[in-house]
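Undergrad: From first to last, the protein sequence lines stand for chains A and B.
Just so we're aligned, residue 1 is where the first sequence starts under my numbering, counting upward by one.
Just so we're aligned, residue 1 is where the second sequence starts under my numbering, counting upward by one.
No lab work stands behind these hints, which were simulated from the structure alone.
There's no promise every hint is true.
DMTMM-like cross-link-like pairs, simulated, lysine to aspartate or glutamate; straight-line CA separation at most 25 Å [said to hold, decoys possible]:
#, chain 1, residue 1, chain 2, residue 2
1, B, 206, A, 216
2, B, 206, A, 89
3, A, 217, B, 282
4, A, 206, B, 209
In silico negatives: residues of chain A with every beta carbon more than 12 Å from chain B [stated by the list, open to error]:
#, residue
5, 23
6, 24
7, 218
In this text, all values refer to a predicted model and were calculated from it rather than measured experimentally.
Virtual Cβ for every residue (Gly too), placed ideally from N, Cα, C.
Protein chains: 2
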Amino acid sequence: MCAEVESDGVSVTNRLRLDLAYDGTDFSGWASQTDRRTVQGTLESALDQVIAPNAMGKHFAVTCAGRTDAGVHATQQSVHFDISATEYESLVRHTTLTPEQALLRRLRGVLPADVNVYSATLAPNDFHARFSALSRTYTYKLIDDQHFMHPIFRRDTFFTRNKLDLRAIQQATKPLLGEHDFSAFARVRKDQSPIRTLHKFDWVKKPLDLPAFTAEKPYFIEVTIQANAFLHNMVRSLISASLFVGEHRMPAEWLYSKLQSREREGKTGPVDACGLTLSAVEY
Amino acid sequence: MCAEVESDGVSVTNRLRLDLAYDGTDFSGWASQTDRRTVQGTLESALDQVIAPNAMGKHFAVTCAGRTDAGVHATQQSVHFDISATEYESLVRHTTLTPEQALLRRLRGVLPADVNVYSATLAPNDFHARFSALSRTYTYKLIDDQHFMHPIFRRDTFFTRNKLDLRAIQQATKPLLGEHDFSAFARVRKDQSPIRTLHKFDWVKKPLDLPAFTAEKPYFIEVTIQANAFLHNMVRSLISASLFVGEHRMPAEWLYSKLQSREREGKTGPVDACGLTLSAVEY
Numbered sequence: 001m002c003a004e005v006e007s008d009g010v011s012v013t014n015r016l017r018l019d020l021a022y023d024g025t026d027f028s029g030w031a032s033q034t035d036r037r038t039v040q041g042t043l044e045s046a047l048d049q050v051i052a053p054n055a056m057g058k059h060f061a062v063t064c065a066g067r068t069d070a071g072v073h074a075t076q077q078s079v080h081f082d083i084s085a086t087e088y089e090s091l092v093r094h095t096t097l098t099p100e101q102a103l104l105r106r107l108r109g110v111l112p113a114d115v116n117v118y119s120a121t122l123a124p125n126d127f128h129a130r131f132s133a134l135s136r137t138y139t140y141k142l143i144d145d146q147h148f149m150h151p152i153f154r155r156d157t158f159f160t161r162n163k164l165d166l167r168a169i170q171q172a173t174k175p176l177l178g179e180h181d182f183s184a185f186a187r188v189r190k191d192q193s194p195i196r197t198l199h200k201f202d203w204v205k206k207p208l209d210l211p212a213f214t215a216e217k218p219y220f221i222e223v224t225i226q227a228n229a230f231l232h233n234m235v236r237s238l239i240s241a242s243l244f245v246g247e248h249r250m251p252a253e254w255l256y257s258k259l260q261s262r263e264r265e266g267k268t269g270p271v272d273a274c275g276l277t278l279s280a281v282e283y
Numbered sequence: 001m002c003a004e005v006e007s008d009g010v011s012v013t014n015r016l017r018l019d020l021a022y023d024g025t026d027f028s029g030w031a032s033q034t035d036r037r038t039v040q041g042t043l044e045s046a047l048d049q050v051i052a053p054n055a056m057g058k059h060f061a062v063t064c065a066g067r068t069d070a071g072v073h074a075t076q077q078s079v080h081f082d083i084s085a086t087e088y089e090s091l092v093r094h095t096t097l098t099p100e101q102a103l104l105r106r107l108r109g110v111l112p113a114d115v116n117v118y119s120a121t122l123a124p125n126d127f128h129a130r131f132s133a134l135s136r137t138y139t140y141k142l143i144d145d146q147h148f149m150h151p152i153f154r155r156d157t158f159f160t161r162n163k164l165d166l167r168a169i170q171q172a173t174k175p176l177l178g179e180h181d182f183s184a185f186a187r188v189r190k191d192q193s194p195i196r197t198l199h200k201f202d203w204v205k206k207p208l209d210l211p212a213f214t215a216e217k218p219y220f221i222e223v224t225i226q227a228n229a230f231l232h233n234m235v236r237s238l239i240s241a242s243l244f245v246g247e248h249r250m251p252a253e254w255l256y257s258k259l260q261s262r263e264r265e266g267k268t269g270p271v272d273a274c275g276l277t278l279s280a281v282e283y
């Protein structure tokens, strides 16, 4: 619970970590944009409001583990930001709560219904939401049978009319595990390495608690994909390309040869954002 | 697959059954209303459009298993309606589909994203969506811990800040099973019997696939309630009253004494509709 005191004795800051969840449907993604509703913008405004309500123009900037695109959800996004010791202590007024608990309660009082902050903790001053993260896990939910398309799922599940061959997909995706150049499946910036290490790329059927109108028991498909870090559009491009295999429009071997080509093309354009959720960040 | 031919040989009708699901959030309930968006109104317009597109003013009226209130969802709602043999046969044009498959495909083409028809079948002419139903099952979803409040769930899950004692609720609700006068927990019309038979009223914790920020594993509470039929507001009133017991604001015995009183009051007013789903109709 102790903050770092710098040698000049002037700036004493506390690094706070927040873990939050959001429904990305009505956000233009994570990163702040002028005149657009974003998760970062919404969270930072809430912080300004609850930490420094009287300090006009004071702004708290947060750093996140993974910048999610428009329409992408999160069950766990992690951020850090710094506040002065004075601001930290001023969070507690007439209550028996810790500063973190007080912050959490106040944030919940002002945040909209599509963002929830689960947890606020004092982090070590060298904790970095982005650089300290060892890996990120995303999940993608799909329903490939119209008998199981309950409309309530449409906010976070992608509906496709084409039945998927998961065995073909598993066969195709296995060679992609490990360290590779993922240029074929991402928008790579010039100053960036296209090398990433893919830890997990699983496609499994999970039961849905719905009435059955066919011989098949209702299910959805959950894709779990974990890497040390992801390039821009990488998760959705890998899934999009896998769907070509799952629909038998391309053979299983195509996916690995595509990886080796390092060439981006139409088939590896990103799949719909609605099914995607940043589900965990591992530190 | 044969339609009933009446003795005068003129009117030949087919009775069709549809099973559908909907996200009730943006509907003013099931029953048609002038100038309001309702599930019945939406479904009937779709039927008019796909069965008799050229018959101006022709209207198909459906009868449902249970009229859901504004904001209530369904994973299974069942309806029936009648169409003439000519209309039935005209559903198939240049395709190898059955009339039912053709109807299903056309309905899906015109229905909005918050309604899905799973199944269309030719029913016996004495099938009645309401009167043939042996029982109805509703589910109600709750989250009672803010650490588990993922915003994506807010459309069909009720969030409460008060931890619930499920053991107390189970003890309180058990004596309500069986045949009783449920006047204390419903809006009973004057021409209506208040007697109903409650088959099931279960409260269970189910795991949520979310990251854990406390020692407790993320869960939600699923209430399953089944009866031969329900009075207006009965499901939500029973749940609302049970919450008073679960929050230790009333003792467990109060629920049964409330039943015996046959008097409605504030504590048995309906809980929020968003958590409620008509989940099955048993024929």
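Undergrad: Indicate, hint by hint, whether the structure satisfies it.
TA: Hint check results:
no. : hint             : verdict
1   : B:206 with A:216 : 23 Å, holds
2   : B:206 with A:89  : 39 Å, violated
3   : A:217 with B:282 : 17 Å, holds
4   : A:206 with B:209 : 12 Å, holds
5   : 23               : 4 Å, violated
6   : 24               : 9 Å, violated
7   : 218              : 9 Å, violated
The structure does not agree with the numbered hints 2, 5, 6, 7 stated previously, though it agrees with the rest.
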